[in-house]
Amino acid sequence: MAVVELLIALAISGMVLAAVAYSVDACFRAYSINQEQSDLMQRARTGMHRIITTIRTTNAHQPLSADALLAFKEGIVVSDSGIAMFDADDRPINFKFDAPRGQVLAVDGAGNEYVMLRGVRKFEIKFEPLRSEQSARTGGPYDKLLRATVLVTVQTTGNALDIDETVAAQTVTLSSSVMPRRNIW
Amino acid sequence: MYRGTRTGRAGNGLRRGVTALLAMLFLVIVTVLSLAMFHVAAANVQTSHNFSDLARAQAAAESGLRWTSFRFATMQRPRELAGTITPAVAYTLWNRVGGIRERLQQDLATVKSANGQPLQVQAAGDTVAVLSPVPTDHGGATFTLLVRQLTPQDGSDARFIRVTSTGRYRGAVRTISMDFEIEKRAKFAVVGKVPLQFGRNTLVEGPVGMTTNRLPPVLILSDLTHFSPALKSKIQAWNTYLRGSGSVDGRVIRNHIGFDNRVSVNNAPEYQLATAAGFKDVNGDAYIDEYDLFQTEFDTNRDGMVTKQEFTNPSTGKLYDDNLFRAIDSLSPPLINEDRNGNGLFDHGEDTNNNGKFDVERPREGFQDGIIDNRDGYAKFRGQMMLAADANAWQSSLSSPRKILDNFAGTIAPEETGQQTVRFGVGQNELLDLNPENFEQAAEKFRDRTGQLPGMTPVRMVGRLENITLAPSDVAYSVPYPATSVRVVSVGGTNLTLADVVPKATFDAANAAARAAGKQQATSAVPTTSFDEKVPYGSTSWQATYRRPVFNGVTFVNVRIPKGINALFENCRFQGVTFVEVERNITRSGGAVTTNSGDGMTWAQRMVSGSFSNTTPLTAANSRGFQQGNNLRFHNTSFEGPLGSNYSTAYTHFANSWEFTGATVFNNKVDHTATIVAPQTNIEMGSFTDPTQAPSTLIGVVVAGNLDIRGTSVVDGSIIVTGDGAGSTTLGYFGDNDGATDPGEMKEGGYGRLNIHYNPHRPLPDGINIAVDIKGRIATYREGTR
Numbered sequence: 555m556a557v558v559e560l561l562i563a564l565a566i567s568g569m570v571l572a573a574v575a576y577s578v579d580a581c582f583r584a585y586s587i588n589q590e591q592s593d594l595m596q597r598a599r600t601g602m603h604r605i606i607t608t609i610r611t612t613n614a615h616q617p618l619s620a621d622a623l624l625a626f627k628e629g630i631v632v633s634d635s636g637i638a639m640f641d642a643d644d645r646p647i648n649f650k651f652d653a654p655r656g657q658v659l660a661v662d663g664a665g666n667e668y669v670m671l672r673g674v675r676k677f678e679i680k681f682e683p684l685r686s687e688q689s690a691r692t693g694g695p696y697d698k699l700l701r702a703t704v705l706v707t708v709q710t711t712g713n714a715l716d717i718d719e720t721v722a723a724q725t726v727t728l729s730s731s732v733m734p735r736r737n738i739w
Numbered sequence: 041m042y043r044g045t046r047t048g049r050a051g052n053g054l055r056r057g058v059t060a061l062l063a064m065l066f067l068v069i070v071t072v073l074s075l076a077m078f079h080v081a082a083a084n085v086q087t088s089h090n091f092s093d094l095a096r097a098q099a100a101a102e103s104g105l106r107w108t109s110f111r112f113a114t115m116q117r118p119r120e121l122a123g124t125i126t127p128a129v130a131y132t133l134w135n136r137v138g139g140i141r142e143r144l145q146q147d148l149a150t151v152k153s154a155n156g157q158p159l160q161v162q163a164a165g166d167t168v169a170v171l172s173p174v175p176t177d178h179g180g181a182t183f184t185l186l187v188r189q190l191t192p193q194d195g196s197d198a199r200f201i202r203v204t205s206t207g208r209y210r211g212a213v214r215t216i217s218m219d220f221e222i223e224k225r226a227k228f229a230v231v232g233k234v235p236l237q238f239g240r241n242t243l244v245e246g247p248v249g250m251t252t253n254r255l256p257p258v259l260i261l262s263d264l265t266h267f268s269p270a271l272k273s274k275i276q277a278w279n280t281y282l283r284g285s286g287s288v289d290g291r292v293i294r295n296h297i298g299f300d301n302r303v304s305v306n307n308a309p310e311y312q313l314a315t316a317a318g319f320k321d322v323n324g325d326a327y328i329d330e331y332d333l334f335q336t337e338f339d340t341n342r343d344g345m346v347t348k349q350e351f352t353n354p355s356t357g358k359l360y361d362d363n364l365f366r367a368i369d370s371l372s373p374p375l376i377n378e379d380r381n382g383n384g385l386f387d388h389g390e391d392t393n394n395n396g397k398f399d400v401e402r403p404r405e406g407f408q409d410g411i412i413d414n415r416d417g418y419a420k421f422r423g424q425m426m427l428a429a430d431a432n433a434w435q436s437s438l439s440s441p442r443k444i445l446d447n448f449a450g451t452i453a454p455e456e457t458g459q460q461t462v463r464f465g466v467g468q469n470e471l472l473d474l475n476p477e478n479f480e481q482a483a484e485k486f487r488d489r490t491g492q493l494p495g496m497t498p499v500r501m502v503g504r505l506e507n508i509t510l511a512p513s514d515v516a517y518s519v520p521y522p523a524t525s526v527r528v529v530s531v532g533g534t535n536l537t538l539a540d541v542v543p544k545a546t547f548d549a550a551n552a553a554a555r556a557a558g559k560q561q562a563t564s565a566v567p568t569t570s571f572d573e574k575v576p577y578g579s580t581s582w583q584a585t586y587r588r589p590v591f592n593g594v595t596f597v598n599v600r601i602p603k604g605i606n607a608l609f610e611n612c613r614f615q616g617v618t619f620v621e622v623e624r625n626i627t628r629s630g631g632a633v634t635t636n637s638g639d640g641m642t643w644a645q646r647m648v649s650g651s652f653s654n655t656t657p658l659t660a661a662n663s664r665g666f667q668q669g670n671n672l673r674f675h676n677t678s679f680e681g682p683l684g685s686n687y688s689t690a691y692t693h694f695a696n697s698w699e700f701t702g703a704t705v706f707n708n709k710v711d712h713t714a715t716i717v718a719p720q721t722n723i724e725m726g727s728f729t730d731p732t733q734a735p736s737t738l739i740g741v742v743v744a745g746n747l748d749i750r751g752t753s754v755v756d757g758s759i760i761v762t763g764d765g766a767g768s769t770t771l772g773y774f775g776d777n778d779g780a781t782d783p784g785e786m787k788e789g790g791y792g793r794l795n796i797h798y799n800p801h802r803p804l805p806d807g808i809n810i811a812v813d814i815k816g817r818i819a820t821y822r823e824g825t826r
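Quick mapping for you: the protein sequence lines, in order, are chains A and B. Count along the first sequence starting at 1, add 554, and that's the number in my numbering. Count along the second sequence starting at 1, add 40, and that's the number in my numbering.
Fair warning: there could be bad hints in the mix.
[Claimed, not checked] Now the stretches of chain A that chain B is said to cover, found in silico as 3 or more residues with beta-carbon under 8 Å:
| id | stretch |
| --- | --- |
| 1 | 587 to 593 |
| 2 | 596 to 603 |
| 3 | 610 to 618 |
| 4 | 681 to 688 |
| 5 | 693 to 704 |
Everything labelled a hint here was simulated from the structure, so no lab data went into it. Only a predicted model underlies this, so the values are computations on that prediction, with no experimental measurement involved. Don't be surprised by glycine CBs; every beta carbon is placed ideally from N, CA and C.
Given the sequences, and given the hints that come with them, work out the whole structure.
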């Protein structure tokens, strides 16, 4: 009888502990997911803010790929995976999507690449073209950017080990539009 | 153990303790995790708030910049006589009493802050600072401003003002800045005080302004409805469509809102309706307009271009309208070319805009290449139309079913994307102060360059008059007409031109042809140095008859024409500067000086003896208007320099009036700031009977009391009409008299053409007393402090 009682007690304790352990694990996982999401959101927002600010304050924007550029000059709204522009000091600066490595890169005039965002699954910029005053009066091409809409999807990459990140488990998508101030006021 | 367990209190207490411990442990874990998650979530929310606050601070900062730009445009800005704003002039403009700094401070002081108190504004030295936060909405973001005139230490100069706007929302702060330039420009391609009429083949590039409430402020005729009945009916259908309405997604909307007569492909509802109605953007310029119908009609091989061959009428073998074709092909010319001698080098005196650079703009692709296509960028108007008149008042003045829109024909395109094409109720500070007195000093500067100047030798010889003040007796220096020539006194049914001097053989041949055709014959007289002429020349509703001295074949250099000359100049050349004097103070019968144009007409008709009649030849003996005014006609004459006339207090209609007829051309080589400065003179350019004559290029400003142009001219600058007495300013051919508003069927040879383009590179002449402008330079936009 005592053994039976003991076994029952052990079984009940085991079940209770298992339930507790499962519950604790769920809590930890929930915490971890939250932190991942937070981290992702933070990274995506920071990257997006940087990209938007740069587009807003630069000029001579155009898509990177030749096909998109051709369509852009014809006044067609196009999407591309990168953007080229010139900053206030007339230095070239590009943002482009490195799909194999899942990164958005900033490229300076010397060709140096800087990682702006990691774990990027999708990076797309929609270009709405505009004619400059000169181009409008001479029937020239669409040579300026009226508005850009940036869409970026970022996922966990396993780089943040401190929060026990699970690779590719979480994604965050952000979208934002911007009109370059030096093109239209 | 068993016993003890069953009976011992300690044993029972231990079991309870384990459960409690487990529960507490669990509670602690869950609590810690909950707190951690709360912390993470709160941090996320805070991050989100931060970005949101930053965006609002950024928006507030941009609002500050825009608000300042608006205040610059609408505040009372100081006036300046200098035509070119140099850094030294700009420095004075900022610092002087009543200067920009003071005016800006006064303007800002009229604004209330969030607590209802006037803004705290400090103005000293090179800075005006708005210290109180300016609210953008109730309880929302605010901005403060720093407006500072720049110096060479900033890598700029005193012509530029940097506006730094700092937006704040909660803890977020964003600072942006942009430079504004102090400039003085005519601002408009055409600006006036009487209704503006733009005829066929009159293409305008640049803003248009009408500064009074006179109605209707504008009348615009289409360029594309007079040479092809098929195209005309399509354009009429298009115009009817634009005034209609349709249904989109169950909503009834107007087919088009606006006065620009074009539908954007980016305006989804309007575009959807237009395409459903069968209209297309044929040329792919993102708009459906008249030009798409034109291209559909004449681009027969659908290559996007209309060649001369395609635009040739098969029944006549001639272009449907040669003038229109050339006018469109000549749109968007180069605006600046400082290489005046064409040697490709930056020579002394060629820096006309004083910027230290050699500015040469090459002609655009497709310019005057004999093809009409997208590179020409056709629009009837390309520029904003700014009207002081109120739209409701105008509409109320019309009898049903007429609409305001009926006065706007053809495509009106803005210069900049997003700009409103037609604005009503525009304030005077945004327009131009056209008080003719503002132009008095500018005109007087031309007087100072004529007549017998110190060191200049007067010349009076047959065919040449230099550095003199002209006298009626100087007709003696005219070149005699050939003995076999006659002057046409009446044209009858011939193709001769009234008042022309032609060989007798030509006259006889024309009369013979008229006789054979059963038409009335012309009459002639021997050409002498005096001639009676009805004015305006060739008009069917003439105002007066003048007995004119006639100067023929004379080259005038820096000549001053005193009041009372009222001459006809034929086959003459005017070199250097020419100045025409008229009476300054126009008076009523009691002697009081008047500015009223009605009084001006009475003054013009005032006689020494007898009563005024438009058929009585006016002379120095019988007419005070003749004695004190100057009604001049220039026929087949060339001007190689500017033409000025002094200010008179009132517009006098025909008493102070110039007409340019025949092949009179302007080719101003002397002064690129102005071709004509005659602030109260009525000017008629071109013929009522042959609008294709008088091909001229008018550069710089053309300031006139009123101006009618009916020729084949190019205006590379601005037309500024300061008089308020005329019925209208007509640009383009509108018929055979002053009051006509319909040119009717196209005359043999066409309606002529007018290409008017505002040229911001041309400085104004000195002496024009108008307010300076303060314009943003968007390329200088920066974020962050600097």
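Status of each hint after checking the structure:
As drawn, the stretch 587 to 593 of chain A meets chain B at 4 residues by the rule of a beta-carbon pair under 8 Å; at three or more, the given contact holds. Check on the stretch 596 to 603 of chain A: 3 of its residues sit with their Cβ under 8 Å from a Cβ of chain B, so the three-residue criterion for coverage holds. Residues of the stretch 610 to 618 of chain A lying with their CB closer than 8 Å to a CB of chain B number 3, which satisfies the three-residue condition for coverage. Coverage of a stretch by a chain is defined here by at least three residues with a beta carbon nearer than 8 Å to that chain's beta carbons; for the stretch 681 to 688 of chain A and chain B the count is 3, and the condition holds.
Proximity of the stretch 693 to 704 of chain A to chain B, defined as three or more residues with a beta carbon under 8 Å from a beta carbon of that chain, is established by the 3 residues found.
In this structure, none of the earlier numbered hints is contradicted; all agree with it.
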